[in-house]
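K.L.:
Letter by letter, the chains look like this.
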Amino acid sequence: MSTDTDTARGSAAPAGTAAAAASAPAGRPRRAGLPAWARRPWIAAVLVAAVLVAAALLPLPQSVTAFPSGPGARVDGVLNDVYDWAVANRDSSPVFIYGFNYLSVLLGSAVVWIETLLQALTWPGVMVLGLLASWRAAGRRAMLVVLAAFAVFGVTGLWDAAMTTLALITASVALALIVGLPLGIASGRSDRVERALRPVLDFMQVMPAFAYLMPMLLLFGIGNPAAAVATAVYALPPSVRITSMALRSVDGGAVEAAASLGSTGLQTLLKVRLPMAKRTIMLGVNQTIMLGVSMVVIASVIGAGGLGDAIYQSLSKVDVGGALEAGLAIVMLAIAMDRVTAGVGAGSDGAPTALRSPWLRAGAYVLAAAAVAGAAALRIDDWPQQLRLYTAGPVNRFNDAFADAVGGVTTAIGDGTVVWVLDPLRAVLTQSPWWLVVLAAAVLGRVFSGRRAAATGAVALTLVGLMGRWGNAMDTLSQVLVAAVAVLALGMAIGIAMSRSDTLAAFLRPVLDAMQTLPPFVYLIPAVVLFSVGRVPALVAALVFALPPVIRLVNDGIRGVPQNTVEAASVMGSTSGQLLAKVELPLARSSLLLAVNQAIMLILSMVVIGALVGGGALGYGVVFGLKQNEFGLGLTSGLAIVCLGILLDRLTQGRKTDA
Amino acid sequence: MHKTLTRFAGPALLKGAAVAAGLTLATTSCAATSGDVSSGGSGDDTVRIAVNGWVGYEASAAVLTHLLENELDVDVEQKQIDEQPSWQGLNDGDLDMIVENWGHEDLMAQYGPDGNDSVVDGGSTGNIGTLGWYLPQYMVDEHPELATWEGVKENTDLFQTPESGDKGEFLAADPAFVTQDQGMINHFDMDLKIVHAGSEAAQISEMRKRYEREEPFLSYFYEPQWLHNHIDMAKVEFPEHTEGCADDEDDVSCDYPEYDLNKIFRTGFAEDDSPAYRMLENWNWSNADQDAVATLIADEGMSSEKAAATWAEENTDVWQEWIPADA
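For the protein sequence lines, the chains are S and X, in the order given.
Under my numbering, residues 1 to 659 are what the first sequence spells out, in order.
Under my numbering, residues 1 to 327 are what the second sequence spells out, in order.
No wet-lab data here; the hints were simulated from the structure.
We put the beta carbon where it would ideally sit given N, CA and C, even for glycine.
Careful: at least some of the hints might be erroneous.
Pairwise CB distance ranges (calculated) [claimed, not checked]: (1) Val318(X) / Ile413(S): 49 to 55 Å; (2) Leu147(S) / Glu271(X): 33 to 39 Å; (3) Glu69(X) / Thr116(S): 14 to 20 Å; (4) Leu367(S) / Glu69(X): 56 to 62 Å; (5) Pro394(S) / Asp232(X): 26 to 32 Å; (6) Ala369(S) / Glu305(X): 51 to 57 Å; (7) Leu270(S) / Glu305(X): 49 to 55 Å; (8) Ser249(S) / Asp166(X): 46 to 52 Å; (9) Ile413(S) / Glu305(X): 37 to 43 Å.
Stretch-level coverage of chain X by chain S, calculated; a stretch enters the list once three of its residues show a Cβ under 8 Å from a Cβ in chain S [to be verified]: (10) 51-65; (11) 159-167; (12) 282-291.
Only part of the chain S face toward chain X is listed, based on derived beta-carbon distances under 8 Å [said to hold, decoys possible]: (13) Ser69; (14) Gly72; (15) Arg74; (16) Leu219; (17) Ile222; (18) Ile302; (19) Asp309; (20) Val409; (21) Ala412; (22) Asp415; (23) Trp435; (24) Val443; (25) Gly616; (26) Tyr620; (27) Gln628.
Please take these sequences and the hints and turn them into a complete structure.
P.N.:
What follows is the structure in structure tokens.
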């Protein structure tokens, strides 16, 4: 495990943080000291692929191709022993009775307390308070979004579920910030702390959440406490990274001026650095909340309740419309929280002038208090039935009709993908000797990203084998690679089209927003109905999830090419195609590289969810481990996904780690 | 400025330290067992019921909840959670009852009277659970030999799909469920490959789709289950389950056993012997009863609360005798 995190050292931030965007590679890579054939990386890649295919075609016995199984079995055994010890000692070991159990009680009561408060306020009370608070903090537009969110909770009949979820998110985000902000401050002030934290944060972001639900259950018990900790762990990294980055980017002049005026280190931090970094730190808070919301469905697997439950219960009845209603409520919750925190981050200019007059403000609060008291006194508990909309039925009918109309075509496409693409690639990876695959990864790492990436990649892949997950990892790797090619091809095409047309861009933006915030669970069932259970619906779900950022990055990259360069090329007589191939794409190179990296990381984060519709392999190992108490299997499968993440991240980062 | 700050902060800091020390003392003087880790939060007499992820279970839980709330005036908290973690929930004191348990002798050994002594067997629910291999009736009509395992073994090519390659496809269950399929495939030497649908939702979607197109499938499934109202399926016949035939998970020479589905209670909850406990203990009904409620939920799109209320109104004679005399 410690070797595992060591390999992550020296990476740049993956997965959508501003830090990754800021440090994207630029300029031509260094190529000194490479043999001639390696100067053209794509030739090297084709050669490596040819060797693997040739090896896979040889009738090699299983004993040569498969990774030796001894070490993996030992790892599983040790982990299962740890699990059994914890189960047996939950009520006697001091680690539990003085440690985790207290934390559980504290967290559990915090969530329940917030939820009780929200319930006591009743829905009119929550609405009035929420609207006033968002108006005051973030302005009128944010307030309108909050109003829309409340309306969706109400008309879908999910008000109570939404409040449960809100309580859990509030407690989890508070926990994440209590831990994350001090860590971010520490790492913003000390390079050593930053270096030490970076691999830990990388690890937290790549490790699939499903894989650590089980340890959480074991340490904290089912329900709110475990769900709050799991959500906090998942949501914490951006608050640390962005706080650190914010402090580092504070203008040196101001800090120096404060120091020369005799401020102590603490005073400079509190009075100069933190206030100046506030805007950026709020961005970190915003990201933390967004990640917290995206854990809602997963947290309900361990009894968190709320909107996630609504999605799960709909799925057990194959009720796509019901799942979509709950999904929409989650999307609205995410958008509302995003707009409010973004408004707060943008500064007080969002606050309406009307509310700045102390009398009016006092009046508004009195009004709010009256509404809450009135609602409580009248015991208005439930959202009125007349204000309910029922959309699940029509959505289900549309879904069935749509499947009938195109089902034949999509099934044929899916079957073709399995037979002609997924199966051959999996065969190449599983039927080549394992050491040859490791070697191939090292060679590719060397030509694409340099010596260090080569070593890291080879070690990560070997670790997968040592944990006993070689075969499944190769299966997963083949699926991830196919999905990545599909995402990039589609993403490039749509992104280029989007950069050419402002109308298309304006139309696509809200669609992309919705694709990114809608819980993937909502589109899993339609994917199964259109394609048959197996790797294809998993691939489709990954595609939907990973496409938006790729489209955005391609679009931004091309639009970021200086206008006069484009004009100069046009004047010289370039056709539109030449312009794209010779000017725009090369100049947008850093955005495109980042798009490749992001696509792969996001696809990897869908491996476990894909297993819920037949993706199998490592994802299934994680889910099976969680559901059948197979601690060793679940954890090593999760770690194997992390290893694949490290390998692919290094291969696609270009040469910046080496430079 | 700096000075004033220290002057005011001094005593406050001292006070803070004292409080912290006091807290530490308080903390070390009493240990929190996992039983204290109650996330329920409502009153002490709230009954907390685990809700596992299939509709039949949800139906049973909904009816019990309806009766507890309306007949005994007891608060109920339902918690959506998978089978295995539910047992941990009972053990930790987070939950009071598992409504419909399928086997799980290993968990009973771990948490039951011979283990942690934190759960007790609450007796039969009256429902009989059947697990096994199912295929659509139209296939059996066309190939009568498919009704038994020998026939399936001879015709595995019928079930071939791209995902299963050159073998026949066996659609597996939700990863949370009890299975022995690979052991059966090994023992009877069948040319089948297990394709993990990964969730019951995906499995049912696939079965429904193939049924509509009259395509073949061979799948793990179970009864009582609402899908049987839509899809006419036949169960493949295997040698009957005998003691010990499924002990080696890689070599299973028999069909799944028939399950007498039972309730599991938290020991402390059972010992309290509240009216709520006695009602739950008395509860016993038929597969047809459960199916009636499950069908209202899954087919008519009723909320589980409403389905339970509807059933309770029409079946007073069934549930009247569960209500304890003094309640």
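K.L.:
Indicate, hint by hint, whether the structure satisfies it.
P.N.:
Hints, verified against the model:
Between Val318(X) and Ile413(S), the C-beta spacing of about 51 Å keeps the proposed range 49 to 55 Å intact. The beta-carbon spacing between Leu147(S) and Glu271(X), approximately 50 Å, falls outside the hinted interval of 33 to 39 Å. The hinted range of 14 to 20 Å is satisfied by Glu69(X) and Thr116(S), whose Cβ atoms lie roughly 19 Å apart. For the hinted restraint 56 to 62 Å between Leu367(S) and Glu69(X), the CB-CB distance of approximately 36 Å leaves it violated.
The hint said 26 to 32 Å for the Cβ distance between Pro394(S) and Asp232(X), and at roughly 28 Å that hint holds. For the hinted restraint 51 to 57 Å between Ala369(S) and Glu305(X), the CB-CB distance of approximately 33 Å leaves it violated. Separated by about 53 Å at the C-beta atoms, Leu270(S) and Glu305(X) satisfy the suggested range of 49 to 55 Å. Evaluation of the 46 to 52 Å hint for Ser249(S) and Asp166(X) yields a failure: the beta carbon distance comes to about 59 Å.
Checked against the given bound of 37 to 43 Å, the beta carbons of Ile413(S) and Glu305(X), roughly 42 Å apart, stay inside it. Coverage of the region 51-65 of chain X by chain S holds. Counting CB-CB distances below 8 Å, 4 residues qualify, and the rule asks for three or more. Chain S is given as covering the region 159-167 of chain X, and this holds because 4 residues of the stretch bring a CB closer than 8 Å to a CB of that chain, at least three being needed. Against chain S, the region 282-291 of chain X contributes 0 residues with a C-beta closer than 8 Å to a partner C-beta. That does not satisfy the three-residue criterion, and the hint is violated.
With 8 Å as the threshold, the beta carbon of Ser69(S) stays out of range of chain X, its nearest partner Cβ sitting at about 15 Å, so the hint is violated. Of the supplied interface hints, the one on Gly72(S) is violated, with its beta-carbon coming no nearer than about 17 Å to a beta-carbon of chain X, more than 8 Å. Look at Arg74(S): its Cβ only gets to about 20 Å from chain X, farther than 8 Å, so that hint breaks. Hint status for Leu219(S): violated, given a least beta-carbon distance of 10 Å to chain X, over 8 Å.
Evaluation of the Ile222(S) hint against chain X yields a held restraint, the C-beta minimum of about 4 Å falling below 8 Å. Satisfaction of the interface hint for Ile302(S) is found here, the shortest Cβ-Cβ separation to chain X being roughly 6 Å, below the 8 Å cut-off. Interface hint status for Asp309(S): upheld, as the beta-carbon distance to the closest one in chain X is roughly 5 Å, under 8 Å. With its C-beta approaching chain X no nearer than about 14 Å, Val409(S) sits outside the 8 Å limit, and its interface hint is violated.
Checking Ala412(S) against chain X by beta carbon gives a least distance of about 10 Å; that is not within 8 Å, so the hint is violated. Among the interface hints, the one on Asp415(S) holds; its C-beta lies about 4 Å from the nearest C-beta in chain X, closer than the 8 Å criterion. Interface restraint check for Trp435(S): the shortest CB-CB distance to chain X comes to about 26 Å, outside 8 Å, so the restraint is violated. Proximity of Val443(S) to chain X is violated relative to the hint, the smallest CB-CB distance being about 30 Å (cut-off 8 Å).
For Gly616(S), the interface hint holds, the least distance from its beta-carbon to any beta-carbon of chain X being 5 Å, beneath 8 Å. Using the Cβ-Cβ criterion of 8 Å, the hint placing Tyr620(S) at the interface with chain X is satisfied: the shortest such distance is roughly 5 Å. Annotation: interface hint on Gln628(S) holds; nearest CB of chain X at approximately 6 Å, less than 8 Å.
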